[in-house]
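For chain L, the structure is supplied; the task is to place chain Z on it using the hints.
Take a look at the letters that make up each chain.
2 protein chains.
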Amino acid sequence: MKMTKPLILVTNDDGITSKGIKVLIEEMSKIGEVYVMAPDSPNSGMGHAITVDSTIHIKKSPIFGEVESFECSGTPADCVKLAKHEFLKGRKIDLLVSGINHGLNSSISVIYSGTMSAAIEGAIEGIPAIGFSLDDFHYDADFEHTRPYLGQIANFVLKNGLTKGTALNVNFPNQKKGEIKGIKVCRQTNGYWQEEFDSRKDPHGRPYYWMGGYFVNREPEALDTDLWALENNYISIVPCQYDLTNYAALDSLTKGGIES
Amino acid sequence: MKMTKPLILVTNDDGITSKGIKVLIEEMSKIGEVYVMAPDSPNSGMGHAITVDSTIHIKKSPIFGEVESFECSGTPADCVKLAKHEFLKGRKIDLLVSGINHGLNSSISVIYSGTMSAAIEGAIEGIPAIGFSLDDFHYDADFEHTRPYLGQIANFVLKNGLTKGTALNVNFPNQKKGEIKGIKVCRQTNGYWQEEFDSRKDPHGRPYYWMGGYFVNREPEALDTDLWALENNYISIVPCQYDLTNYAALDSLTKGGIES
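Protein sequence lines correspond, in order, to chains L and Z. The number in this note's numbering is simply the position in the first sequence, starting from 1, with 287 added. The number in this note's numbering is simply the position in the second sequence, starting from 1, with 287 added.
For the record, the hints were derived by calculation from the structure and aren't laboratory data. Keep in mind it's a predicted model, so treat the numbers as computed, not measured. Wrong hints could be hidden among the right ones.
If several chains are the same, the list does not tell them apart, and a pair holds so long as it fits within one copy or across any two.
Unchecked claim - With a straight-line cut-off of 25 Å between C-alpha atoms, the simulated BS3-like cross-links for lysine-lysine are: (1) Lys488 <-> Lys542; (2) Lys376 <-> Lys346; (3) Lys446 <-> Lys542; (4) Lys306 <-> Lys488; (5) Lys317 <-> Lys446; (6) Lys468 <-> Lys542; (7) Lys309 <-> Lys379; (8) Lys346 <-> Lys451; (9) Lys464 <-> Lys542; (10) Lys347 <-> Lys488; (11) Lys292 <-> Lys347; (12) Lys488 <-> Lys376; (13) Lys379 <-> Lys464; (14) Lys488 <-> Lys346; (15) Lys451 <-> Lys542; (16) Lys464 <-> Lys317; (17) Lys488 <-> Lys464; (18) Lys292 <-> Lys446; (19) Lys463 <-> Lys346; (20) Lys306 <-> Lys451.
Only chain L is shown next, with the shape it has when bound in the complex (with noise of 0.2 Å):
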């Protein structure tokens, strides 16, 4: 009997050229047949965005070799969307990874994140998803130590499957804080982005920004946080859901009496 390999649909947000994609397609093509639809171009920060207002270009790319790769000058969502419904229309896709990101995706970057949109669109079309990222912003950040641990969270998901409408949110430690200690199932630290802009003026005296800031841990006691698992130098791994409805709070709305 011929074992049919499952067919993984590899995308990202930092573009196809960048270091994370190519890391995780060489360890993908080891347990899988790999399909990639990712940007052409940086997408960091783009949230959930997709292109509705304008038109979306896909062009074959060489650089993978032997593994069919399209670059897309859509959103990772948009990237997703494409390759479910046109490219690879007709075929189940087995497993769905996003990344590796270069820099964290923990606690509330995860809303920002375009390696996490792309996965929670998987998770909506009810792909199992995962989105990998990394603790590192230096521009030649080291991805060699995610290595092992790539295949080994794809084979568990592909082997067990996901609570349905989730997506897991792995974050790997910086390289450079040594040995990894292990991986930890967490929740999403509760924290912000404490914006802190830059003002300046353009040739003409036009005044302009740039975002900047610093993130604030709401919680730094917290032992069950992806923050904690990273700073203590364990693989994060947060299952997130696209269902955003707080049940909590829709007691207290009812009770209070906005209803009529």
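Structure of chain Z alone, referenced to chain L:
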């Protein structure tokens, strides 16, 4: 004793010249001091995108007369961050309202919505926030029937506050459906967009795509969803959260043995 009017920040995703924001500004001006920071062009489908890799430009706008208004080259989430951390720095924003969106943001659409990303950004920043949307995609949509409810819902939130980490997703039925029956607190309908891409060739023979498709309701029989409310001519209110952790899935991952 002089009563201070509440400070209300108004934004949207259809851009500062759209019909919906004008109605919202007019109604909010009746109950508070209004400050407008809205995109200078349409940002539909922008999700929770932020501008991290380029500059943001702001210009004072005269279009709302005495209401202090700015148009911003950034996304809806950028508008909230800039208003809070730069333009209104040091002042307490009592309420953030976003919209009125030209089109429905019920069910899964909340995740792609620029209107709701602004409201959720408000929740992240600790500002009570509401996103308003109208079930009408017609270019000349009529927003008039929403007027009496805008102040009513805003006043409810100003008086009662909202559960921490929560923003309201308010959708209005189409004006053509006749008199609104009332307001219902709901959960987000489980549904998705079944994409159908329209594939075309450009004048050079290269392929390009338009995203299209139709919405699929996975639970048309459910009575407690936002789509049920809207179909039955009620205004739907869904409390939305930014914590994406699927708490119910934590256990099955741990028991499945993904940790090490």
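Identical-chain pair category, Lys463 with Lys346, by Cα at 25 Å: Answer is neither: 37 Å inside a copy and 44 Å across each miss the 25 Å cutoff.
Same-copy or cross-copy closeness of Lys346 to Lys451 [CA-CA at most 25 Å]: neither (33 Å within a copy, 45 Å between copies)
Alpha-carbon proximity context of Lys488 and Lys346, limit 25 Å: Result: close only across copies, 13 Å inter versus 38 Å intra.
Status of Lys464 relative to Lys379 across identical chains (alpha carbons, at most 25 Å): For Lys379 and Lys464, neither the intra-copy (39 Å) nor the inter-copy (40 Å) Cα distance is at most 25 Å.
Copy assignment of Lys306 with Lys451, given that the CA separation must stay at most 25 Å: Close neither inside one copy (31 Å) nor across copies (39 Å); limit 25 Å.
Within, between, both or neither: Lys376, Lys346 at alpha-carbon 25 Å: Within one copy only: 18 Å inside, 45 Å across.
Homo-oligomer pair classification [Lys488, Lys347; C-alpha up to 25 Å]: Between copies, since 15 Å is at most 25 Å while 41 Å is not.
Copy assignment of Lys488 with Lys376, given that the CA separation must stay at most 25 Å: For Lys488 and Lys376, only the inter-copy Cα distance (20 Å) is at most 25 Å; the intra-copy one is 49 Å.
Intra- versus inter-copy proximity for Lys542 and Lys451 (alpha-carbon distance at most 25 Å): between (31 Å within a copy, 16 Å between copies)
Alpha-carbon proximity between Lys306 and Lys488, which holds within one copy, between copies, both or neither at 25 Å: Cα proximity of Lys306 and Lys488: none, with 34 Å in one copy and 32 Å across.
Status of Lys446 relative to Lys292 across identical chains (alpha carbons, at most 25 Å): within (13 Å within a copy, 58 Å between copies)
Intra- versus inter-subunit Cα pairing at 25 Å for Lys317 with Lys446: Classified as within; 16 Å inside a copy, 58 Å across copies.
Hint compliance for this structure: hints 1, 4, 8, 9, 13, 16, 17, 19 and 20 are not met, and every other hint is.
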